[in-house]
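Asks: Use these hints to put chain B onto chain A, whose structure you have.
For the record, the sequence lines run as chains A and B. Just so we're aligned: the first sequence equals residues 1 to 522 in this note's numbering. Just so we're aligned: the second sequence equals residues 1001 to 1217 in this note's numbering.
Quick caveat, the hints were computed from the structure, so don't treat them as lab data. It cannot be assumed that every hint is accurate.
To be verified - The calculated label-pair distances, taken between Cβ atoms and stated as ranges, are:
1) 413(A) x 1058(B): 55 to 65 Å
2) 413(A) x 1101(B): 55 to 65 Å
3) 303(A) x 1070(B): 26 to 36 Å
4) 286(A) x 1172(B): 52 to 62 Å
5) 447(A) x 1126(B): 52 to 62 Å
6) 1033(B) x 427(A): 53 to 63 Å
7) 1095(B) x 281(A): 33 to 43 Å
Said to hold, decoys possible - Taking beta-carbon pairs under 8 Å as the criterion, some of the chain B residues facing chain A (in silico):
8) 1179
9) 1190
10) 1194
11) 1196
12) 1198
13) 1199
14) 1204
15) 1206
Virtual Cβ for every residue (Gly too), placed ideally from N, Cα, C.
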Amino acid sequence: MSTKAIKEPWTTRLPGPLPDLLAVAGVTVLTPALLFLFGREDVANVAIAYLFGIAFVSLRLGHRASIVAAIGSAITFDYFFLFPYHSLVISHVRQLVSFGAMLGTALFISSLNERLRRQARAARHSERRTEQNYALVKALAEADSLESLCTSAAQQLELVSNATVAILLRGPDDKFRCAYRAGGAAAVEAEDLQAAEWAAAHLEAAGLGTRNLPQATATYLPLGAARGCVGVVTLRPRSGGSTRSSLTMSMTRQIAIAIERMLLADEKRTALLEAETERIRSAVLSSVSHDLRAPMAVIASASSTLLEHGNRLPGSGREEMARIIHEEARRLNELLKSLLDITRLQSGSLHVNRDWESIEEVVGSVLRRVEARAGGRHLLTSVPSELPLLHVDAILVEQVLLNLLDNAIKHSGSEDPIELEVAVRGVDSVVVSVIDHGTGIDSSELTRIFDKFYRGAPAAGGGLGLGLTIAKGIVNAHGGRIWANPTIGGGLTIHFTLPINAAAAPGPVVGMGAEPLEGLAS
Amino acid sequence: MIRVFATSLETEGYRVFNADTGQRALEEVRTRNPDLILLDLGLPDVDGLNLVPQIRANTTAPIVIVSAREQEADKVKALDAGANDYLTKPFSVPELLARIRVGLRSRAQVGDTARTVVTFGEYSLDLEARRLSRGDHQVRLSPTELKLLTTLARHADEVVTTNTLLKEAWGSAYRTRNGYVRVYMHALRRKIESDPTRPEYLVNEAGLGYRLRTSHD
Chain A
1 MSTKAIKEPW
11 TTRLPGPLPD
21 LLAVAGVTVL
31 TPALLFLFGR
41 EDVANVAIAY
51 LFGIAFVSLR
61 LGHRASIVAA
71 IGSAITFDYF
81 FLFPYHSLVI
91 SHVRQLVSFG
101 AMLGTALFIS
111 SLNERLRRQA
121 RAARHSERRT
131 EQNYALVKAL
141 AEADSLESLC
151 TSAAQQLELV
161 SNATVAILLR
171 GPDDKFRCAY
181 RAGGAAAVEA
191 EDLQAAEWAA
201 AHLEAAGLGT
211 RNLPQATATY
221 LPLGAARGCV
231 GVVTLRPRSG
241 GSTRSSLTMS
251 MTRQIAIAIE
261 RMLLADEKRT
271 ALLEAETERI
281 RSAVLSSVSH
291 DLRAPMAVIA
301 SASSTLLEHG
311 NRLPGSGREE
321 MARIIHEEAR
331 RLNELLKSLL
341 DITRLQSGSL
351 HVNRDWESIE
361 EVVGSVLRRV
371 EARAGGRHLL
381 TSVPSELPLL
391 HVDAILVEQV
401 LLNLLDNAIK
411 HSGSEDPIEL
421 EVAVRGVDSV
431 VVSVIDHGTG
441 IDSSELTRIF
451 DKFYRGAPAA
461 GGGLGLGLTI
471 AKGIVNAHGG
481 RIWANPTIGG
491 GLTIHFTLPI
501 NAAAAPGPVV
511 GMGAEPLEGL
521 AS
Chain B
1001 MIRVFATSLE
1011 TEGYRVFNAD
1021 TGQRALEEVR
1031 TRNPDLILLD
1041 LGLPDVDGLN
1051 LVPQIRANTT
1061 APIVIVSARE
1071 QEADKVKALD
1081 AGANDYLTKP
1091 FSVPELLARI
1101 RVGLRSRAQV
1111 GDTARTVVTF
1121 GEYSLDLEAR
1131 RLSRGDHQVR
1141 LSPTELKLLT
1151 TLARHADEVV
1161 TTNTLLKEAW
1171 GSAYRTRNGY
1181 VRVYMHALRR
1191 KIESDPTRPE
1201 YLVNEAGLGY
1211 RLRTSHD
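Pulled out of the complex, with its shape left as it was, chain A reads as follows:
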C-alpha cells in the first residue's frame, strides 16, 4: 500500500508567515493578469479565476494562507472589477452578492481542503499503526522460544517508541529475571525492581509519565495475561518526551498474550514428556520384574516338587526337576548379571582395566564359552595370525564378543552358521565382526538395537534386551565404535572397532607375526 497518493506536498510545511506572504503575492500577480486577459467586462470569468487561484493556494499553501488569499482576492476583486472601479464601495446589491458569493465559496473550498488534508493524515497514521501492529504480530508468531519472543517483541517496541526497552519476566517464584535488554540480557537492575514489582502487583503502569512513582527514570508497563502478571516492560526514553502511547499500550497487551501462550505451550510439552517417561519407566519395570520372577517361580515349583514327592518320583522325574532348576538358575544368573552390568555402565563406575592383550586369545576364550551354547551351530572364525596387541580390558572385550555371539545365536536357526572375523583397519584400529545368517531385522531398527531393553519385534529367546547396550557401552569406553548392518542374503552383522595405540605398544614387537627375539631371555 503506497502512501504517495496521499502524501502532503512540502509546500504546506513552509514556516511562519511565508505561506501567507506567498498567497498575497499570488493575488498580486494574478490581478493584473486578469485585467489584461478579461478586462472589466467579463466579471464572471474573473471571479472564477480568482476562485481557482484560491483553491490552488488552499491545496498548496494550507488553510490559513487560503483564508488570506480568499479575503485578499475578494477585496481585490471588489476594488478592480466591481463598479465603482478603484474603490471598495459596493454600490449595488448585485455586487454584494458577487462579493459575498466569492468570499463564501473561497472559504468553503478552503475548509473542504483542510478537512481532506486531515483525513489523509489520519489515514496515514492509521496505516502506519496497522503496519506496526502487523510487524509485532508477525514477530510474536514466528518466535519459537520465550527468549526469542522477548527479543523480537522488545525490538518492535523500540521501533515504535522512542525508548530503550527491557523485558522482565516473572518466574514461578515470583522473582523477576531479565529476558531482554538492549545490549544483552543481564541481571535485573535494583532500581527497576521496585517499580516493576509495584506495576506487577497493581497491574497498572508506573514510573515516568504516570501517576505512580513518576520520578522514576523509566516507564513500567505490566504484562497482564489471564494468569495474572507475567512480566513487566520497561521503557527508558532515549531523548526526552513521553514513551507511552496507545500504540505501546496495545502492543504491550499483545506481548503479554503471546508470552502466556508460549508459557502454556512449554508447560504442556513438559507435562507430556513427563507422562511419557513415567509410562516407559513403569512398563520397563514391570517387564523386568516379570522376567526375573519367571525363572524364580519355576525354581520354586520344581524344588517344591522334589521336596513333596521325594523318593516317590521316578529317577527320571527327579532328574528332570533338577535339570529344570539348574537351567532356570543359570538363566536367572544371566539376567542378574546383565542388570548389574548395565547399572555399573550407567552409573559410570565401570572400571576399564586395560592391559596389553591379544585379540586372538580373547576370541579363543569366548569360543570356548560359547561352543556349549551354540547348539551345534557352525562357528567360523577368521583371525589373522599377525595382529597387534591391543590395550584393552580383556574381560570386558570378552563380554562384548559373548553378547554379540549370544545375540547371533538367539536370532538364527540351528542350521545357520555364525562367523567371527577380525581384521586390521588402516593403522589405527582393529575391526571385529560378528555375522549371523538368521532372520535379521528391519533397516529402520539398525541403530535401535543398541537401545536399553530393546528386544526386537518377535522377542527372541529370554534376556532383557541389554546385551547389545552393554556391548556398546564397553566399546565406547574403549574409544571404539559399534554399528550394525544387514548381512547380504539375510541376517545381521555387527561390527565394532578397538583402537590400536601403536605408539605405546610394549617393547619387543609391534605386530605378532615376527619371530621372537631370543636374546631377551634372561
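Replies: Chain B in isolation, oriented as in the chain A frame:
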C-alpha cells in the same frame, strides 16, 4: 553353599571339614592337615586374600580360591600369594570336582615323585632334558618359549598367572609387562596348536594368566 557342596564331596568319597570364619579355618588347617583347601574370598570376618599367605605358611596343600565374578584383581593377588587355582561362583559340581582332582594330583607330584615328563595330546615335554617332542621329532622352541612351557607344565592343569610366567621367564624385574607374555604365548600356540584361535592345550584365562590342559577334564 557349604551344605550343598559338602554333600557332593562326601558322596565322592572325600572327608570334608569346614570353617565359617578365617580364624577357625586356620585352626582347622593346622589341626587336620588337609590334602586340599577350598577358600572363599568373601569370608565374613577377614579378607580371604590375607588368609592365603597364612595358610600357605602352614601347609603345602593346594588352595583353590572361590570368588564371585568381578573380583579378578583379588584372584590374581590370591594366586600370586600362593593359591593354586580358582573357581568362580556360581560353579557347577563337575567343575568343582575337576578342580579338586587336579589339585590333588599336583600335590602328589611334589618331591621325588614329581614327574619329569608331561604329556598333552601328541606332545611330550621332558622337563629334565628340556625338550618338547611330538611323536618322534623334536619341536624347536626358543629358550623363552621353553621356559614358559615348562612353567605351565610344572603346574599342569592349574592356572598360572601372567606375573608368575613373567618372573619365571624374564625375572621379577619385568613385572607388569604382560605384553611380552602375550607375544610369546602367541608364538607357542602357533607352533603347537592346530588352530591357534581355538587352543586345546595352551588356554588363556582372561585377566589371570594361562593354563596347560593335559586332559579334557
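Asks: Against chain A, with CB atoms and a cut of 8 Å, does the hint on residue 1198(B) hold up?
Replies: holds (6 Å)
Asks: Please test the hint of 52 to 62 Å on the beta carbon pair from residue 286(A) and residue 1172(B).
Replies: Holds, at about 56 Å.
Asks: So, as I understand it, the hint says residue 1199(B) touches chain A; can you test that by seeing if any CB pair is closer than 8 Å?
Replies: holds (6 Å)
Asks: Does the beta carbon distance between residue 447(A) and residue 1126(B) stay inside 52 to 62 Å, or does it fall outside?
Replies: Cβ of residue 447(A) to Cβ of residue 1126(B): about 58 Å, so the range 52 to 62 Å holds.
Asks: Could you see if the CB distance from residue 413(A) to residue 1058(B) stays within 55 to 65 Å?
Replies: holds (56 Å)
Asks: Is the distance from the Cβ of residue 413(A) to the Cβ of residue 1101(B) consistent with 55 to 65 Å?
Replies: violated (38 Å)
Asks: A range of 53 to 63 Å was offered for this pair. Does it hold for the Cβ distance of residue 1033(B) and residue 427(A)?
Replies: holds (59 Å)
Asks: Hint validation: residue 1190(B) versus chain A, beta carbon distance must be below 8 Å. Holds or violated?
Replies: Cβ of residue 1190(B) sits 7 Å from chain A, so the hint holds.
Asks: So does residue 1095(B) sit 33 to 43 Å from residue 281(A), Cβ to Cβ?
Replies: Since residue 1095(B) and residue 281(A) have Cβ atoms about 39 Å apart, the given range 33 to 43 Å holds.
Asks: Residue 1179(B) was flagged as interface toward chain A. Is the shortest Cβ-Cβ separation under 8 Å?
Replies: holds (3 Å)
Asks: Is 26 to 36 Å right for how far apart the beta carbons of residue 303(A) and residue 1070(B) are?
Replies: For residue 1070(B) against residue 303(A), whose Cβ atoms are near 27 Å apart, the range 26 to 36 Å holds.
Asks: Interface hint check: residue 1196(B), Cβ to nearest Cβ on chain A, cutoff 8 Å. Holds or violated?
Replies: holds (6 Å)
Going down the numbered hints, you'll see the structure goes against 2 and 10, while the others check out.
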